[in-house]
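Novice: Just so you know, the sequences run in chain order V and A.
First residue of the first sequence: 1, per the working numbering; consecutive thereafter.
First residue of the second sequence: 1, per the working numbering; consecutive thereafter.
All clues given are correct.
Each computed BS3-like pair below joins lysine-lysine, with the alpha-carbon atoms no more than 30 Å apart:
#1 Lys243/V to Lys20/A
#2 Lys356/V to Lys223/V
#3 Lys15/A to Lys101/V
The hints are simulated quantities; they were obtained by calculation from the structure and are not laboratory data.
Chain by chain, the residues run as shown.
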Amino acid sequence: MNNSDKICFVFDNQLTEIDFTKSEFRPSTTLLNYLRSLPTHKGVKEGCAEGDCGACTVVIAELNQQNQLEYKALDSCLVFLPMIHGKQIITIENLEQIVNKELKLHPVQQLMVENNGSQCGYCTPGIVMSLFALFKNHHQPEKEVIEDALTGNLCRCTGYKPIIEAAEKSCCNHGNDHFTEKQYEIIEMLLSINENKKSISLLHKEQEYFLPLNLKDALEFKKLYPNAVVISGATDTALRQTKKGEIIPQLIDLSQIEELKHFTKNNNSIEIGAGLTLEKAKNEVENIFPALFDILKVFGSLQIRNIATIGGNIGSASPIGDTLTFLFACKAFVKLQNLTSVRKVAIEDFIIGYRKTDTNADELITAVEIPLIPENVIIKSYKVSNRKDLDISTVSASFRLQLSNKNSVEEIIIAFGGMAAYTIRASKTVTYLIDKTWNRNTVEEAMEVLKTEFSPISDARAEKDYRAMAAANLLLKFWSEISLNQKD
Amino acid sequence: MESTQNQIYHDSAIKHVSGKSVYINDMDAGTQMLYGKVVYSPHAHAKILSFNIDKAKLVKGVHAVLSYKDIPGLNQMGPVIHDEPCLAEDKVNFIGQAIFLIAAETMEIAQKAEKLIEVEYEILKPILSIEKAIQYNQLLSTPRIIKRCNADEAMQKAKHRLSGMLKTGAQEHWYLETQTSLCVPGEMNEYMVYSSTQNPNETQAIVAEVLGIPRNEVVVEIRRMGGAFGGKETQGNHVAAWASLLSYHTRRPVKIHLFRDDDQIMTGKRHRFVSSYEIGFDDDGMITAYKAELNSDAGATADLSMAILERAVLHADNSYFIPNISIIGKAWKTNLPSNTAFRGFGGPQGIAVIENAIDRIARFLKKDALEIRYKNFYGINDRNTTHYDEVVENNRLYTIYDQLINSSEYLKRRKEIDDFNANNEFYKKGMALTPVKFGISFTTAFLNQAGALVNIYLDGTVLVNHGGTEMGQGLHTKMQQIAAIELGISPEFVKVNATNTSKVPNTSATAASSGTDMNGMAVKNAIDIIKERLLTVALSEFNQKTYPNPSEIKNIVFYNNVVFDKIHPDRIILFKELISKAYLQQVSLSSTGFYKTPNIYFDRETGKGHPFHYYAFGMAVSEVKVDTLTGQNEVLRTDILHDTGKSINEMIDIGQVEGAFVQGLGWVTTESIKWDKDGRLMNHSPDTYKIPTVNDIPADFRTALLKDAPNYNTIHKSKAVGEPPFILAFSVWLAIKDAISAVGNHQFEPDFELPATNEVILKSIEKIRLLSK
Ligand SMILES: Cc1cc2nc3c(=O)[nH]c(=O)nc-3n(C[C@H](O)[C@H](O)[C@H](O)COP(=O)(O)OP(=O)(O)OC[C@H]3O[C@@H](n4cnc5c(N)ncnc54)[C@H](O)[C@@H]3O)c2cc1C
Ligand code: FES
Ligand code: FES
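Model the full assembly from the supplied sequences, consistent with the hints where possible.
Specialist: Structure below.
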């Protein structure tokens, strides 16, 4: 490996470097803390340091494969500085212009003013940045698109309505603004950074942070540092630092590896790169896997989905990992790789316990392979959470059903999240259902089995009896949606 | 004349949207500044046997580690009663109670030092619920009782009686800006304290007491808060006191900005209540008797609990005339952080009980709850005195009701909902209309006073100082408008200053929705005084050559940046010019102003009086859809009609109404708070504590202000707006109950509580399913 040791990005329209060997900052300093340490960038706010409030939202512009700029809103409290290498950071301070000595607000700012979109103003910089990303990416967006763009921004004062109106009124210029005028300059700068294809090792006295730019280097790092913590989007891992104050001594950051961001259609399956962000995955799967699409729509917030990856969701093996039940129902495979070999493991065998996976110390997850769904198979996924959006599942479930031509259950898979220490199949219930006639009676009987099949826990989100009840009812819901065609 | 000035934007809007508004955590006090950390109790109830902070002091970069022994003044920060130590001495009474303070060069260093503090505890049994507190007789203070006629007798005679129990939950303020304070020491005993506080005057008092110095040494200033909602009425004081202590010992600026989880763990919430009630009524649903006992969870200390309880008792009637009534309020001590003010200040908790009771009457009589509500509204000429003997004047319930029933198409939609429910097994819709009548004023009468200081400078610009604080509600904007209107100048020439105790002393908290009412009058008073002086100057200008038709004071008008005689319009002078003239004539261009709300009194012994200056009214109709298999639900439509008198700024008032409603929506649905068996807060971050997102507001959300409804005896005929609309969220709560009830075809009374989480809803539905089998 031929490494370089600094990161470089565009900030305030200028190339900016950080050399961590000389810096007071650790490599895993969050973008939020970096910005707030500067006297010029205190507009960005911390409301929670866990990705749940959006007060820290900034926008990142990065080059896509056609070398055009793509704008994404992110929660800067969860972004480690090296993740912005080769990108442009845009903060609230960058939106306005001074024209003829007068302050000229960006259209999204101006309409926030005119619609009384701020009260206490603390959430406002974050909201404006989400609106800015919306402005760049959508022309006259539908209400649903606006709401999705704002789900990750909590406001305790306004009740949101004037903010929605500000979005409706401002996002109507095909994304054209003063950033459009400057875009070629920025593209040039980003290209100049990205010319350098050397992987990056950031060695700080308290932390080693490796930023491989290709899969081979990543695997080499992993072999050299088998105990290093791997991150893709870091939305799960960053919390260890921001909430628990842990300093992770060694990190391997996969966020810059293009080879892990693929979405490939094969004859019988789809392969999703471990590093593909959930937002990109969501946009790809809408027609192929509507059940996955349904889940991804209510997964975190746009800011989270813009960096969180499918590999990270599988890799965290959390009992409430939202894509997992779907992957169970699809009989998906996880692809793993080390320097010498590639292997494929069925998702069920891959998840071996609470936050435990069958990954060897020298391996990385490279992709997930999802077989296409045969025509006579129905798959549906559900998420039950206390709040509709930006909430962790209380219970989640996916169902796969194949009926015989006599309307009996030929195959059924029922997978639950939130009911045990890890994603789990309802095998007793399945045994009960198999070969039975698929009607309400059978389903209701199966619900009784289901109610006693698991012993879920009571926690901050719900009591165990609610979990059991809701889980059983999801089976009825699944039945009603396919048999009565009744969906809200 | 006011209309041109009516639609100005929030005075900080441009700063908000461009990231230029400065909050205390954005303030830079130079390289000398230290970060303060509060070390708090991990036990809900324990004796502190011993502690050792010496090792923590040795950490490089640590400048102070303090315990109660280091408090130079009084170890107290209780706002009403001195029952709240600033730092725990020999006992801790809740998880989150401050014991030690650390000042260090970075937060990380402070955290490191914290780990080195050793404390030996003897753990005691905590009391963690109202029920337990009642069992152990942990009454905080004498119960508050308000009665009229004979509720017991009337109850006996009532044709029908229903009784029950209702639990309403706690609520976390979740201001986006957590509690923050920055203290900068000056010479000798001087301290400049920047504090995110709704009550700078009390913050000043407590800092002075804790440091053992007179109040004239302490200046408290607050430009703006990043939200407060009552959460910074008293509890902002704490952080200010802690920062000041650290500053005192290090002689350096010290900033404390609570980490979100710490803020949630350490600070008090909306009081949860367990209330029992009995209601008597006739076949038509006329209420003849109502008895309720409201029990609140005060937490570990008094804080504002008694005043909050009092407001709950005073609002137990909501909008209804109840001839025979007996309301008892009791606050109970528990081993939880001291609960505190939160938008509505107990009003919502009192109102929830009667609204739920009325909902039950309707189901019992098989009528629409709407009818029962309407029948029992306070009358215009009779049936119009409250249980505490105040007459409900200028009652707008009927006007609002008539308009809202029409605009919301209530009756038509009721039928559509019944049809939908008849045709859908797994989804049910529900709808409810709920009213609010909310009393405006501090119920502690002497608090109803405000001050202002208005300065006019020689360029004609005006600086307004007043005792109110800006937390997003637009108070400063309204003050700017009022000053502009009164002086007849454009609002851009008026600036409202950061609230500062050295400018306007001895003020009350910005609370009880009364910020504009009181400070607006005080600002007007100051301006009236200056104007009187300016009138003399103007007159002397105009009357230099006007004999024999001199200008008269009564004809002189301040309007449109000029001052003129309306009888002789050619006698005119630019406002700015008049100011210069006044200066040259050695006339003072600055004045203080003062206001006290007239005619407010309340006798706690008898429970009678005139505690409110006036009432604000409003109503909402909400429609919801519930997924009866999971309990998940959505608000399909809400129509609100709210009375803000003659609004000073409609956009800001609508913002207050919608914002309060959505905050209420959170309280009644997703904002569930639990403590574990040791008294540990389980929902201590937004990960598990869920306030509404953009997707939780009504899909169709229509808000209107009542037109042509000037209020009398208030600033520019306006009405207070901060708290009352919070209560309109009961329309969502009871619409959900209506949908649950539809599962059993309205034959069974659903189990219900507040918040109606998915879990509460589903469990209630499952019970009805069993009953209807
Ligand atoms: C505000 C917020 C909301 C959230 N909402 C949801 C939600 O709705 N549903 C949900 O399921 N989750 C949610 N999460 C959790 C988290 O965002 C997801 O699990 C996400 O998919 C993690 O992806 P990541 O790339 O960010 O993970 P990372 O933090 O980068 O990684 C997570 C884990 O996977 C491992 N890992 C990552 N990539 C690889 C790889 N290529 N090879 C081997 N191991 C790897 C890491 O070592 C780590 O243990 C939320 C998190 C936050 C902060
Ligand atoms: S600070 Fe709340 S999302 Fe980042
Ligand atoms: S304006 Fe206060 S939180 Fe949004």
